[in-house]
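Taken in order, these protein sequences are the chains called A and B. With the first letter of the first sequence counted as 1, position 100 gets the number 421 in this note's numbering; the numbers rise by one all the way through. With the first letter of the second sequence counted as 1, position 41 gets the number 74 in this note's numbering; the numbers rise by one all the way through.
To be clear, the hints were calculated from the coordinates, so they are not data collected in a lab. Among the clues, some could well be false.
Stated by the list, open to error - Here are some chain B residues pointing at chain A (derived, C-beta under 10 Å):
| # | residue |
| --- | --- |
| 1 | Met57 |
| 2 | Glu113 |
| 3 | Thr143 |
Because the structure is a prediction, the values reported are computed rather than measured. Where a beta carbon is used, it is the ideal one built from N, C-alpha and C, also for glycine.
The chain contents come next:
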Amino acid sequence: MTFPLGWTTPLSGIVFGVLFGFVLQRGGLGNGCRLSAQLRLKDWTVFNVMFTAIIVAAGGLYLMQLFGLVKWSDLFVPTTFVWATLLGGALIGAGMAVGGYCPGTSVVGATAGRIDGIVFFVGLVIGVVMFAGVFGNIEPFLTAAPGPQAQTVGELLHIPDWLVLALLVGGAVLVGWLSRRIATSNQISCAD
Amino acid sequence: MLLMKTRPIWKAHVAGVALGLVLMVTFLATGHGLGASGAPTDLAAAASKAIAPAATTVNGYLGPMVAGGNNPLNSWIVWEVIGMGIGALLAAWWSGRLRLRVEGPPRARTLGRLALALGGGILSGFGARVSAGCTSGLGLSGGAVLATAGFVFLIGFFLTGIIVGMATRRLWQ
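This is chain A alone, in the form it adopts within the complex (with noise of 0.2 Å):
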């Protein structure tokens, strides 16, 4: 049996969508305090849940593909625009200091009952048609400086996967350790 299986009916979206919105609000992601808090560097939730979440999912797909059952060139990996995908990183980035969310947390967080994560999801509508409104003026821009289709960041700096993966679980570590002592000097409580 080789992956990708190609499973991507509404009923796969539903499916995966539910774990991942499960998975989430359990974390405690939905919660636009302790989101936020994250970029005052009071609460390590999000960095210390995304960062294992990557090298748990990076290091089980390395480990797949050397033993032949998936392989990478069939998985959707993004390209590099470095302006466009800066910015975009960065005007979220704002958004979660100034909103609280993300959009995939305003999902989360809506259905937990918070109108502030409503709201911030018709935000995110409105965004999208601000954008459609200067598509035209910014299009040249959103594809300045392409890296080369698909690459990885092995590829970028010319190591091995194995070695991008060890630089990855040292720096989640090292993070994790350094948050630890910050947090306890200044940790603040958000009510989940």
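The hints should help you fit chain B onto chain A, whose structure is shown.
Leaving out everything else, chain B in the frame of chain A:
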């Protein structure tokens, strides 16, 4: 509604491992990761078509999404985000956290909190179209396949987020 007792949230590394496994299984089943911002994008295209069909058809971004009578709401990401809402609702109910409330900076009044949420949402919705993906679709899912784009995105996200977060920290204290 059946009330459940309050359960503590998972520890970060437990949630991280669970999220990583869900993400990996999604890649194995579908060939791509998990996302979010595609759904409000599809919703914007559908709403725009309903309100201003002529302007939507000629728009360079929304036009192709509704071309040929295509219904943008019938997409995998819309189903996934509907699932997300259901899963989060179940989890909130099961852990005794399902209740209507407004969150935000404690000092701000309710209307102020909602204005901040709306403003943040607009920044985020605009930004997710600039980078063609958000924290889930580019940061998390791109990171899971070790994509350069995923980490470039995360650098922009965390650096700017921390700068803006620190600059506005009095608001939230």
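Evaluation of the provided hints:
1. Below 10 Å, beta-carbon pairs count as interface contacts, and methionine 57(B) has one with chain A at about 4 Å; its hint therefore holds.
2. Among the interface hints, the one on glutamate 113(B) holds; its C-beta lies about 4 Å from the nearest C-beta in chain A, closer than the 10 Å criterion.
3. Against a cut-off of 10 Å between C-beta atoms, the interface hint on threonine 143(B) holds, since the closest Cβ of chain A lies about 9 Å away.
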